Amino acid sequence: MKSKEATKTTYRLPIGPIHPALKEPVMFEFEIDGERIVDADVYLGQVHRAIEWTGMRRNPIQILYLAERICGICSISHPIAFARAVENAMDIEVPARADYIRVIQGELERICSHVLWAGVAAHEIGFDSVLFLTWQMREKALDLTEYLTGNRITKAIITIGGVRRDVTKDQLPKIYETLNYFKDNFEKLRHMFLDDKTFKMRSQGVGVLTKKDALELCAVGPTTRASGVKKDVRVDQAYCAYGDLDFDYITPDVLTGEVNGDVYDRIIVRLLEVKQSIDLIEQCIDKMPSGELVSEPKIPKLLATIKKTKGEGFGRYEAPRGECVHYVKFTGESDHPYTWKVRASTYNNILPWIPMLKGEQIADIPLVAASTDPCMSCTNRVAIVDSGKRYEMNKEELHRLSVEKTRRLMA
Amino acid sequence: MAKGLPKSFKKSLWAYHINSGSCNGCDIEIIAALCPRYDVERFGIKLVGSPRHADVLLITGPVTRQMVDKVKRVYEQIPDPKAVICVGNCGNTGDVFYESYNLVGPIDNIIPVDVYVIGCPPRPEAIINAVAKAWVKLETLEAK
Ligand code: SF4
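Sequences listed follow chains A and B, in order. Per the numbering used here, the very first residue in the first sequence carries number 1; after that it's consecutive. Per the numbering used here, the very first residue in the second sequence carries number 1; after that it's consecutive.
Heads up, some of the hints might be wrong.
[Said to hold, decoys possible] Partner residues aside, some chain B positions facing chain A, computed with beta carbon under 7 Å: (1) 23; (2) 24; (3) 64; (4) 66.
Hints in this document: simulated from the structure, not taken from any laboratory. Because the structure is a prediction, the values reported are computed rather than measured. C-beta: ideal position from N, C-alpha, C; glycine also.
Construct the entire structure; sequences and hints are all you get.
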């Protein structure tokens, strides 16, 4: 084996499904030739909790809490998308104030999520001080979330036909304080990520997703916008209060004048979106009308209406990672949905990994994978299978390789 | 502080975190506990990348069918004396997913659990408290 063909042998490199640094289990298999990745494949299903199946045995109010627990980071996105699907099926009109509050909460979640992601990306290239800095900033956003909703992670604030808690006048100073904190620190973040030599070397020209691939593989969210595709549900099909707000697609050319579709561009898009979210929240506070919070406050009455509803509904929402879609169908026989289908954003962003990773080095896997902000994890251990012999490589080693590459580039 | 916790510790506590199909809520709270606001690293508590280096297993999620053998294997790889902390309602009881067909959990059906942390997700303070409790167990085991 080691003799003649050895030069042509490619190794298969399974990664996962347990991994401490990222969050959810998933499994990959890479075909590598030396240090270069020739092919990549993804196996899903390790986090299958049968949520949709369970949902078909519960009523929509109960499902809201289930939807919230699809993902702890998008715990506003899924309930809003689900509530909008049900509202769509039942023709419920959401009060204007509730729509604005949904936007405020949603944008706050986006700030949390993007800042969290920035920390993870920094960790992947071995820049842990930046991880701690960004997570310290994130705590500020979490404080505000807790102040407004009562919880840090699962907010339980969305309900069918509105929201469950108001944003009152005396809460405004604290909101402004947090937003100003982020504005003051934004320049620091931008400088850290976009001007830093280490970041530039590790991210420019790495993990390129061309516009064509992004379109063909249906990438969504910042991943596709970084490749120059103008796709954002908030603009394309303005829902909630987004129609009244003034904002636009964010693509990397806004800042640099060109689109490369590499990891660097994805960093730019996410950072600019943090700024955009701050602006959107401010606009919301200025324009927010007074009025009701829910269209039907009596839940038994709402459930009785759902029981009689016949029809299907569709809810789209631009989650921090991209478009998230919920579909429900009621048959008018019970208040349980006949079908509930969820398509979360990461699902679309996984296939683009294959073109992104092809031709890159093993040391780039963590960063490139993290650059799409996957809502799932990848490795703990990597086993290199070489004609039956196994070399084990754990996440630490992979991380070490990544850090070493940073050092090499710096030298 | 947990009852019975000595004033000083013999060694730093290293934890290994495994996600058995959770929603990420608990996982980000665990990481938040490590970050500057809560900063457990000042006590020498640290997340490590391999179970073979760990004293404590932090486990989140309701254990899906695909993850059972992996959870068991990770548990077996941790050297004795070890403590297991189950973080979050869904590992403790199944939480909102309790009736799902793809769950094998709660976690104590699969591996013995020493400390249960409730909350969905629990606050970082609660996680730190749980680690301190696990510490007590490890110190008592060691004293024997
Ligand atoms: S306990 Fe709750 S927050 Fe934690 S992983 Fe389970 S569902 Fe998510």
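Does the nearest C-beta of chain A fall within a distance shorter than 7 Å of the C-beta of residue 66 (chain B)?
holds (5 Å)
Can residue 64 (chain B) be said to touch chain A, with a Cβ gap under 7 Å?
Cβ of residue 64 (chain B) sits 6 Å from chain A, so the hint holds.
Under 7 Å, Cβ to Cβ, is where residue 23 (chain B) needs to be relative to chain A, so tell me if that hint holds or is violated.
holds (5 Å)
Are residue 24 (chain B) and chain A close enough, Cβ to Cβ, to be under 7 Å, as the hint says?
Holds, because the Cβ-Cβ distance from residue 24 (chain B) to chain A comes to roughly 4 Å (cut-off 7 Å).
When the structure is compared with the earlier hints, no violation turns up for any of them.
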